[in-house]
Amino acid sequence: MIKFKVTESENISTVFLDGEIDMDVADNVREVVFPLIDSGKEVHLNLKGVQYMDSSGISVIVESNQRAKEKNTKVELKEVSQPVEKVLAMARKFL
Amino acid sequence: MSTEVADTTNLSEKKDFLVNSSSLKDVRSFSREVFEKFKINEELREELVLAIAEAAQNIVKHAYKDYPDTQDRMAVRISCTDKELEISFFDKGKPVEKSKVKHRAIDDVKPGGLGTFFIQEIMDSIKFKEGDKPWINNLVLTKKL
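Protein chains in written order, with my numbering: chain A, -7 to 87; chain B, 221 to 365.
To be clear, the hints were calculated from the coordinates, so they are not data collected in a lab.
Glycine is no exception: its CB is placed at the ideal position from the N, C-alpha and C atoms.
You can trust all of the hints, since none of them are fake.
Only pairs whose alpha carbons sit at most 30 Å apart, straight line, appear in this in silico DSS-like list of lysine-lysine: (1) B/LYS281 x A/LYS78; (2) B/LYS235 x A/LYS78; (3) B/LYS364 x B/LYS245.
On the chain B side, residues computed to face chain A include the following (Cβ under 10 Å): (4) ASN240; (5) SER243; (6) LYS245; (7) GLU263; (8) GLU266; (9) GLU267; (10) VAL269; (11) LEU270; (12) ALA273; (13) GLN277; (14) LYS281; (15) GLY333; (16) PHE337; (17) PHE338; (18) ILE342.
Looking at chain A on its own, in the form it has when it is part of the complex (with noise of 0.2 Å):
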């Protein structure tokens, strides 16, 4: 299970994730991330509450990228849990 807070300030949305993202959860992270990156608005990905994440995490990362650049803004990870960093460390030549 996932659970998310979204703050807004000025031009920034940042969503607060808490939980573990797998294959079960990792569209309904995409149903929230996606639509703030649509309107255009720099988003920050809080993921201090993240204990775990896998390859389906990894995916939402860089989807959540491409539809940045695209929208000509960008996402930011930010506060980044241990047991994630060590995930972005193996997975750092494919981001």
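Position chain B relative to chain A; hints supplied.
Same frame as chain A, but now just chain B:
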């Protein structure tokens, strides 16, 4: 969860799960519980949990690609000696075409295809076997301890 063998040098536990993405968290919980029992250190434990979850995800995504509402079950068996860990997956889905099981090219920047790469990074060996009846596929991952 069934304990097949339980002495101090050869431990083995097996559990089956509905083939569905909502089972993946249960696969992770089972794996963490077993690794804790096997006294695998936490850092390695989380890497192994990731490899197991990716392999289980591949069964849901690929072996059962055309059957999202299946009621079939897959089984995961974790066995440990003092020198090696063996993790076996059993499913009754579409037979795996070994030639198609590879991670994508590193310069191919698109989502997906990372699961197999993670498994290869974490484990020492990956072998696909034909499963003994009633199973169709039997994936075996090993890691020296």
